[in-house]
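Generate the whole structure from the sequences, applying the supplied hints.
Quick note: the sequence shown, position 13, residue 13 per full-length UniProt numbering, numbers continuous.
Calculated directly from the structure, the hints in this document are not laboratory data.
Heads up, the beta-carbon is just placed ideally off N, CA and C, and yes, glycines get one too.
Don't take every hint at face value.
Cross-link-like lysine to any residue pairs, in silico, SDA-like; alpha carbons within 20 Å at most [to be verified]:
1. 90 x 118
2. 90 x 48
3. 90 x 52
4. 90 x 116
FRET-style restraints, in silico, Cβ to Cβ [what the hints assert, rightly or not]:
5. 11 x 74: 47 to 53 Å
6. 54 x 81: 27 to 33 Å
7. 75 x 32: 29 to 35 Å
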Amino acid sequence: FVNTLVLRTDLSGRPTFHELLARVRDTDLAAFDHADLPFEQLVDIVAPERTLARNPLFQVLLVFQNVADDTFTLPGLDVTPVSADPGVAKLDLQFTLAERPDGAGINGMLIYQTSLFDHATAQALADRY
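The structure is reproduced here in structure tokens:
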């Protein structure tokens, strides 16, 4: 089951890190209360101005995949997972994180709009994680 959960956190008033963390927590908890609402239905309810150039509700996406190792066997076949190349960025920034199958950490990938970020900036952002 995959559903996009849209979060909007209030950054006004120059909050301290702990205040910001509390705001993010409150936003997350409120959003999870409505996590069963399909993203497409949320877009219909909000009815934002639409354009093919941008996502209707967000420009930054965090994907966290904590699924079991998806390798499997079939008689006479060797099956291994392959990472798909995203091709082009569909959002300004997309962070994709996945638990390693051996449980020894997290692998990550950063996809970004090259018209907004140069490689050095994207690399510096990724290096922080």
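Each hint, compared with the structure:
The hinted pair formed by residue 90 and residue 118 meets the criterion: a straight-line CA distance of about 16 Å does not exceed 20 Å. About 18 Å separates the Cα atoms of residue 90 and residue 48, which keeps this hinted pair within 20 Å; it holds. Taking the CA atoms of residue 90 and residue 52, the gap is about 10 Å. The hint holds against a cut of 20 Å. Using a Cα cut-off of 20 Å, the hinted pair residue 90 and residue 116 holds, with the two alpha carbons roughly 12 Å apart.
At roughly 50 Å, the beta-carbon separation of residue 11 and residue 74 lies within the given 47 to 53 Å, and the hint holds. Here the CB-CB span from residue 54 to residue 81 is close to 31 Å, well matched to the stated 27 to 33 Å. For the pair residue 75 and residue 32, the supplied restraint of 29 to 35 Å is violated, since their beta-carbon distance comes to about 42 Å.
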